[in-house]
Structures are given as structure tokens and as C-alpha cells.
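*Asks:* So you can see what is in the structure, the chains are spelled out below.
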Amino acid sequence: MGPSDLILDVRNLSVDFATHGGMLRAVHDVSFTVAPGETLALVGESGSGKSVTSLALMRLTPRPPRARLAGQARFRTHAGEELDLLAIPEPAMRALRGNAIAMVFQEPMTSLNPVTRVGEQVAEAVLAHRAVGRREALQRAEALFERVGIPDARRRLAAFPHQLSGGMRQRVMIAMALSCDPAVLIADEPTTALDVTVQAQILELLKALQRDTGMAIVFITHNLGVVAEIADRVMVMYAGRIVERGAVASVMRAPLMPYTQGLLRAVPNLAIADRFEPLASIPGTVPNPTALPPGCSFEPRCPYSVPGLCDTCVPPLEQAVAGHDVRCVRWKAVAECRT
Amino acid sequence: MSVAAPLAEVEHLRQWFSIGRLLGARHTVRAVDDVSLSIARGEVLGLVGESGSGKSTLGRAVLRVTEPSGGRIVFDGQDVTRFSRRQLRPLRARMQMIFQDPFASLNPRMTVGQIIAAPLRIQRPGLKRAEVTERVADALRTVGLAESHAERYPHEFSGGQRQRIGIARAFIMEPAFLVADEPVSALDVSIQAQVINLLMEIKQKLDLTILFISHDLAVVGRLCDRIAVMYLGRIVEIADTRTLFCAPRHPYTEALFSAVPQTDPARRRERILLKGDLPSPLAPPSGCAFRTRCRYALPACAEAVPPLIDVGGGHWKACIRDDLTLRSAV
Amino acid sequence: MSTALIGAQAAPRTEARPTTPRRRAWLRFKRHRLAMFGLAAITVLVLAVIIGPSLIPFDQLHIEMRARFQPPPIGGHWFGTDQLGRDLLVRLLMAGRISLTIGFMAMLVSTVIGTTVGVAAGYYGGWVASVLMRFVDAVLCFPSVFLLLALAAFIKPNIATITLIIAATSWMEVARVVQSQVRALRHRDFILAAEMMGASGPNVMLRELLPNAIGPIIVAATLTVARAILMEAYVSFLGYGIQPPMASWGNMLNNAQQYLGSAPWLAIFPGLMITLAVTSFNFIGDGLRDAVDARIDLI
Chain A
1 MGPSDLILDV
11 RNLSVDFATH
21 GGMLRAVHDV
31 SFTVAPGETL
41 ALVGESGSGK
51 SVTSLALMRL
61 TPRPPRARLA
71 GQARFRTHAG
81 EELDLLAIPE
91 PAMRALRGNA
101 IAMVFQEPMT
111 SLNPVTRVGE
121 QVAEAVLAHR
131 AVGRREALQR
141 AEALFERVGI
151 PDARRRLAAF
161 PHQLSGGMRQ
171 RVMIAMALSC
181 DPAVLIADEP
191 TTALDVTVQA
201 QILELLKALQ
211 RDTGMAIVFI
221 THNLGVVAEI
231 ADRVMVMYAG
241 RIVERGAVAS
251 VMRAPLMPYT
261 QGLLRAVPNL
271 AIADRFEPLA
281 SIPGTVPNPT
291 ALPPGCSFEP
301 RCPYSVPGLC
311 DTCVPPLEQA
321 VAGHDVRCVR
331 WKAVAECRT
Chain B
1 MSVAAPLAEV
11 EHLRQWFSIG
21 RLLGARHTVR
31 AVDDVSLSIA
41 RGEVLGLVGE
51 SGSGKSTLGR
61 AVLRVTEPSG
71 GRIVFDGQDV
81 TRFSRRQLRP
91 LRARMQMIFQ
101 DPFASLNPRM
111 TVGQIIAAPL
121 RIQRPGLKRA
131 EVTERVADAL
141 RTVGLAESHA
151 ERYPHEFSGG
161 QRQRIGIARA
171 FIMEPAFLVA
181 DEPVSALDVS
191 IQAQVINLLM
201 EIKQKLDLTI
211 LFISHDLAVV
221 GRLCDRIAVM
231 YLGRIVEIAD
241 TRTLFCAPRH
251 PYTEALFSAV
261 PQTDPARRRE
271 RILLKGDLPS
281 PLAPPSGCAF
291 RTRCRYALPA
301 CAEAVPPLID
311 VGGGHWKACI
321 RDDLTLRSAV
Chain C
1 MSTALIGAQA
11 APRTEARPTT
21 PRRRAWLRFK
31 RHRLAMFGLA
41 AITVLVLAVI
51 IGPSLIPFDQ
61 LHIEMRARFQ
71 PPPIGGHWFG
81 TDQLGRDLLV
91 RLLMAGRISL
101 TIGFMAMLVS
111 TVIGTTVGVA
121 AGYYGGWVAS
131 VLMRFVDAVL
141 CFPSVFLLLA
151 LAAFIKPNIA
161 TITLIIAATS
171 WMEVARVVQS
181 QVRALRHRDF
191 ILAAEMMGAS
201 GPNVMLRELL
211 PNAIGPIIVA
221 ATLTVARAIL
231 MEAYVSFLGY
241 GIQPPMASWG
251 NMLNNAQQYL
261 GSAPWLAIFP
271 GLMITLAVTS
281 FNFIGDGLRD
291 AVDARIDLI
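Residue numbers (the working numbering), protein chains in the order written: chain A, 1 to 339; chain B, 1 to 330; chain C, 1 to 299.
Hints are computed from structural coordinates only; laboratory data are not their basis. Backbone N, C-alpha and C define an ideal beta-carbon position, used for all residues, glycine too. There may be inaccurate statements among the hints.
Examples of chain B residues toward chain A, derived with CB under 8 Å [to be verified]:
| id | residue |
| --- | --- |
| 1 | Ser185 |
| 2 | Val189 |
| 3 | Leu274 |
| 4 | Leu324 |
| 5 | Leu326 |
If we strip away everything but chain A, and leave its shape as in the complex, we get (with noise of 0.2 Å):
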């Protein structure tokens, strides 16, 4: 493994479906690494393959052979070890998954179970990987509610999913997560069903979380305000490869791929104008996976796209300048429209 202060390393990740026109590839090779305290955000639209990604690195991807996993993801445990999570066995697996590795998902109601008290689901996370009784764990899954801002946790703790808001819900889903101290916590879309005010609490509870614990965050979503407002450093993908990588400063304020900054102008902020103008779109639609483009895939919809040049093999992804990689041959030409 490369540094030693790396948590996740992730090398040449590629994911296949079984359909019935044969094998369909959802992620394309895909690397990337995550280090202790710091958040990596992945962002993309649908059928980008981020939410696959996720999955995969999780092995919670349907088995063979209707799904294959090829590649590496290096995780270094607690302990030290160095273990390939796609590579190791299911039993090894479920060891490190609600333990040293924890997840959350967009919709808590359908993660959470609606026939049980949401306190001894927690419970149940604690039980699953630690030693101890079961009064033990409802007091851990108190202390858990209090941490993640859930008010008058003892009352809550016997409460059903049903019972509480979306907010609380996510929070109780992010308890679960925590009920291990992992190491690395892999949020998909979290905060993407919940209100904006709502969303804004726990965008700041996570932060908090992180500071305190030092874990690393996976953070998946297709909102850039939100990429913005809480990662170090970002992942684009499009049609399941990554288009660009870097430091969220630097991608956000001078994007070096022509999607990202399509993405970027297509975002309304909260300026306003006396008459109404049309917003910057990116023409056409995400392409069919299984017609991709032969070139770059974003060319048939690309401003800055050269017959002959994009068209006809996918760019690799290459460094641009120090900290930022980007998957395009007219990276120069995108950095200087830059406005």
C-alpha cells in the first residue's frame, strides 16, 4: 500500500452487470484513495455509477454472475492489516461492514426496520460486532442518540421509525453507523431527502462527527453546494468512469472538464435578475450505457469537443496541474473559458 497514512486505496475498480444483452459495465476503472479525518465527495447524475461504487467497495453488490467486482480496494483495519475488501471472504466482510466500515443510506424508512424500536436496532448494530450485553448495548445506543443530536434520547430509544421525522430518522441511521467507530463511513445521498434546513443540521453533524472521531468520509451525492459546503476533495463521474478529481477548491472554482463546468453553471445560486434568463444547460441527455459513445462519452454533448480528436478513443485521466486530474484532452481550452 502506498502511504502509510492512507485508510482506503482503491485501485482499478470496475463493476459489471449481467443483462440480457450480456455483460454491461456500470464503472469503468475507477481509482481513487481516502485518507483518516478527511472527506471525499463523489458526484455525478444518475446512471453515473456512483452509488455502484459504493456499493461494490461494501460488496453489496448482487453476487456472480450477476454482478462482477474486478480490481482492488485496500483497506487498512484498526489493527494495522491490510485487507482487499473485494477480495476477501463474505464472513470477513460482514465483520468490517456496520463495524470498522458503516454506511448510510438516502431513504432511513426503508433502511430502518419498520416493525422494531429504533433502539434496539442500534442495539442490534452494537451486538452484532461487540462483546457485550444487551442492556450495555441500549445504554451505548442511548450515549449514540445524545451524540447525533437526537433530543430526550431515552424516550426516543423506544420509539418506531414511523414515529419520528426524516431528520431524526437519518440521525438514528448515522447513530447505527457510529455504533462501531468506524474508520471509514460511506454516506450515500444522506441528505438528499430531507429538507434544506434539515439537510443544513446534518451536513453540520457530520462535520462535527468527523472532527471528533477522525474518520473518513465517502460522501455521495449529485448536489455540488453540498460537495462544497463539506469535502476536502471531490470525485466527478459520467457514465461510470471518473471525469475529474481534486481538491473541492480547485474544482469548484476553476473546473477543468467540460461537464463539471457545465454542472457548475447549470445550478441556479441565489443571485437574483430582473427578467428571467435562460439558464446554462447541457444539451442531450446522459448516454445509454450500453451505447456509449467510442470516444470520450460526454462528447456528443461537449461545447468544446474536436471532431477526430474527442470522438474516437476515451481521453485517459491524467494530472492537469498539482492535486487535479481531469479526463480530457482540452483541459487548457476548458480553463480559460473559465469566466
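Following the hints, put chains B and C in place on chain A, whose structure we already have.
*Replies:* Leaving out everything else, chains B and C in the frame of chain A:
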């Protein structure tokens, strides 16, 4: 201030829902509680709020989807509050709705052509087949789809395309009034911009009046002439867009602006975080419903529901405090 | 959270060829082997009962006392003869005509009744639904065979009346299934959109809701055929259905009771036919259920 009569108006509108068993305790959810609004012709009015605010219910109430529990609804000068289904029928051609979920708003068993032609079929049964086909083709072209798409089924299209089909269906009768209920919330970011642009294009073309319901302040800020902010069934602030963004007068509006995550680092400031969660709509706080989360709350706030006070220039707020300097949106 | 569900949601949506819902359903049906077997069996059965009797040299009513109780396949009687020397195979096929006809017709009548009740209950909701569905529940409380017998005791048993009373005891299942499906869709946005255009109640029920319930209706209808055939067999076996000398599988079984020891083929073959027909329809029903899986279609 427009002198012409408003196109749609609600006065002291109440939409209360009763939940509970036949023989048990019945609770009332006041989804919309004493709302008064008027929408001028050609205006785009934004209705902003989070879950439980009642904005969707209000949008549906204005279109007389359900019968209101109280108050009045006036459409184009006619009091439609108690109109029967039959009486509403001729008006239906003039008011339409676009829905949030592109997957649930189209009948999966009908072709796109049938879906778009449905309003024509229902409102103008005498139209000849050829003319219907022509108008459907026209509608498809206007929303950026191909004529050949009329024979396909909804499941063959992406979310953004389905939303376009929904838009085509909504304006094929050339309505005067459109209620857009979170039309872009379920779409990808790059598609949102496309659909918003399309909507505004059609608005210009038909001189539509739009009630635009959304939780996304940034989108609403770009599109709307006036904005009403709702919280737990009541309007807490209403003003024209520039005023609302530059000088909000209600703490909830301030908190909403502050909560929106910004990509531009220059715009980012310290967040105002609201305390706690949304109160249950079954048991709203006494007096001002927002007081439990408001950082400027006073004991007096619990005494009575604050009325909407006119602060001039068409700007109304429902807050008893006059002394607050609140942050602008940017 | 099942991994199967995660995978299904995470897997990219492949571009569908321009297929109608019907075509996709057919493709799914074809993969269900038991259902295909059932379909084949019923096809063969229907062909056999239609053209079979004209190909067999014996007549179903022809009594030949010299050839009674002939075990199969002696004397050219492939399935043997009964106590009056009548050829069993031809009687079996003629009986098949009766039983299958009653089965289909009862299915048609009960499906129409059940669908009407179900759609109305699902659409109107409120007290209309309560009254209708409680009525359905009440009728379902009666053990259907006894209900059938009770009705049969009051009427002259012929094909038409038997069909009607079987239909009267079979429509409830269809009503339930349809009501459930319609209720699930009643508050979807596309129904609201139709109402917003000014569509009347019957219009919405017929043009928007019914097409979405066709899948479960077809499944329930297929299973109703199976059940109707069985019901007819019960009733005729007990002597209250089709009367001799007209043959039905049920009354052939009744007839065969006294000869179980000496001429078992008289009971075996009608029994096998009933089993084959009922099981085949059930398999087809299963296959159809998978084929018209509403989850997949409503994506």
C-alpha cells in the same frame, strides 16, 4: 400594482384533513390554515416551503382538486369554492397542473400520444382524429421531442423526457393558469435547467400565469416575480423576489436562505442552524408555529398567531417583531 | 435491505427496444416452463375435445352390452368401456367439451361481475367500497361447494344454469384482486391528471384504471377457469350438476364409484382429465402472474 383583476385568488382558505379511526380519537391536520393569496394574470408566483408546509396542498386546493374545508377560491372572477364536478368541467381546460414525479404522472399503459391527446379527447370530443394527431405532434415538437415518440410508452423515456411529456399534456389545451408542483425536483441537475428553460419558453408563448411550487429557493429566485413562504400551513412571508432576497423580514425566510449550500466559496457565510425539528402537524405550537425553532423568539410569540402585516410595497410578513435585521440571501 | 433489490436499483437501465407492455409480458411468460407446459396441455386438450370425437369410430351414446367393462385397450377402445359398453375415450372427450365450456363461460361471467365490483370499490372508496367489499367478504364466508349445492337444489340443472351458479360463487376473488390493484393506483398522479382534465368517474375507471388492472384480472380469470372446472366436477359428482346421459367429468366419476374395485379405469381417466385440466390452468395462471408483474411494468 396591477389594476386588472387577479386570475386566481384564495381567501382564508382552509384545508383540514381528519385522520383517525371511526370510533377512536380523531385528529385534524391543518394542512392549509387560513391562507389568502392572489395571483395576477401573467405572473409567476413562487410557493416555497419544506415538508409539512402545505404548499402542495395549497396548489391542489387552488385547482379545486378537493373541496376546501373553509374559505373561498375565485378563478377568473368566478367563485368556484363549492362547484360540483360538472360545473368545474369547462374550467378544467383553463387550469392545468404539472406533477413532481415523472414516473407516476403518466399512465404506463397508454402511449405518449394517447397521454398527450387525453385532454383533447375529454374536453373536445368532436375533434377529428387527424387534427388531434396534428396537435399532439405539434406539442411534442414544442417540448423538444420527436413526432415518432407518440407511439412509444412512458417507460422508454428518461425522467426529464417524461417531464416534458407531462408539460406537453398540460399545455395542449392552452390553459391560462398552470400549477407546477415541484416539476424539477426529481430530475438530474443538468436536466433541471433544460426543463426550467422549456417551461419559461412556454410561459412566454402562451402568456401563462404560473403558481410555481418548490422547495428550491435558487430556482424560485430565478423564475418568479413574487414569492410566498409557507410554514406549517400558513404563509409567513410574501414579497416580490428582489425584496425577499435582499431584505427578508421573517426569521424562517432568513434560515431558509442560510441553509442553501453554495458552490461559490465567496458566498459562503456561517450557517444559521435551526433548533430541533419540524413540529408535528397534529400538534402545532400555540401562537406562531415557528417559535419553537426561531432564534429570535419571545414569550409574546406564543400568545397569538401572528397575522400577516403589510410592511409596504406588497411585502407582508407574519412576525410580531419589527426590530430584526435579517440577513439577505447573498 | 436485500442485496437483490440494491443490485436491481443500482444496475443501469438498459435501453428497451420499442416494446409494448404486452410483448414484454409474453417474453417473461415464455421463460416459465411449467406455464408453457400448461399452455401446451390445454391446447392439446382443447383440440382433442373439438376434433377428437369425430375421429373416434364410436359414438358416446351407443350402448353395446356385449362390450361392457372392457379394460383398455381391448377391442379398439383405448380407454376401455363402461358398464353400458360405451367407449370411455369418446365420452371423456364429449364430457370435456361440457366441462371446458362451463369453465370458460363461468370465468367470463364471474370476471365481468368481479371486475365491475372491484373497479367501483377501488375507485369510489369510502363507504361504497366498505359496503361492496364487506358483501364480498360475506359471500366468501360460505363454503362455496355448499353454496353451489344449495343453489343447484333449487334450479333445473343444465349447462347454462350450472355456469351461472358457478359464476355466482367465483366472482369474489376477481373483485378482491381488482379492488386491491385499483386502490393502489387510485391516488397516483396520472389519475389525478385525468381528473384534472375533467374526465368523469366512469371515464377514469374505464380508460385509466382498468388497463392497469388487466394483468391481475387475467391471472385471476385463469385461476377461475381451473376452479370452475373443479366446481362443476364437484357438483356433477354429487349428482346435482350435469345429468346423465350427457357426460361430464364429474358425473362420470359419480358413475364410476360403484365399480372402483372391478373397473378402476372408469374412475382413473376422468380423474386424470380433471387433474390435467385444473393443474394446467393453474400453471398458466402462475406463469401469467410472473409475466404481468406490476412492479416491473410501472417503472
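*Asks:* Checking against the hints above, which ones are violated?
*Replies:* Of the numbered hints, 1, 4 and 5 do not hold.
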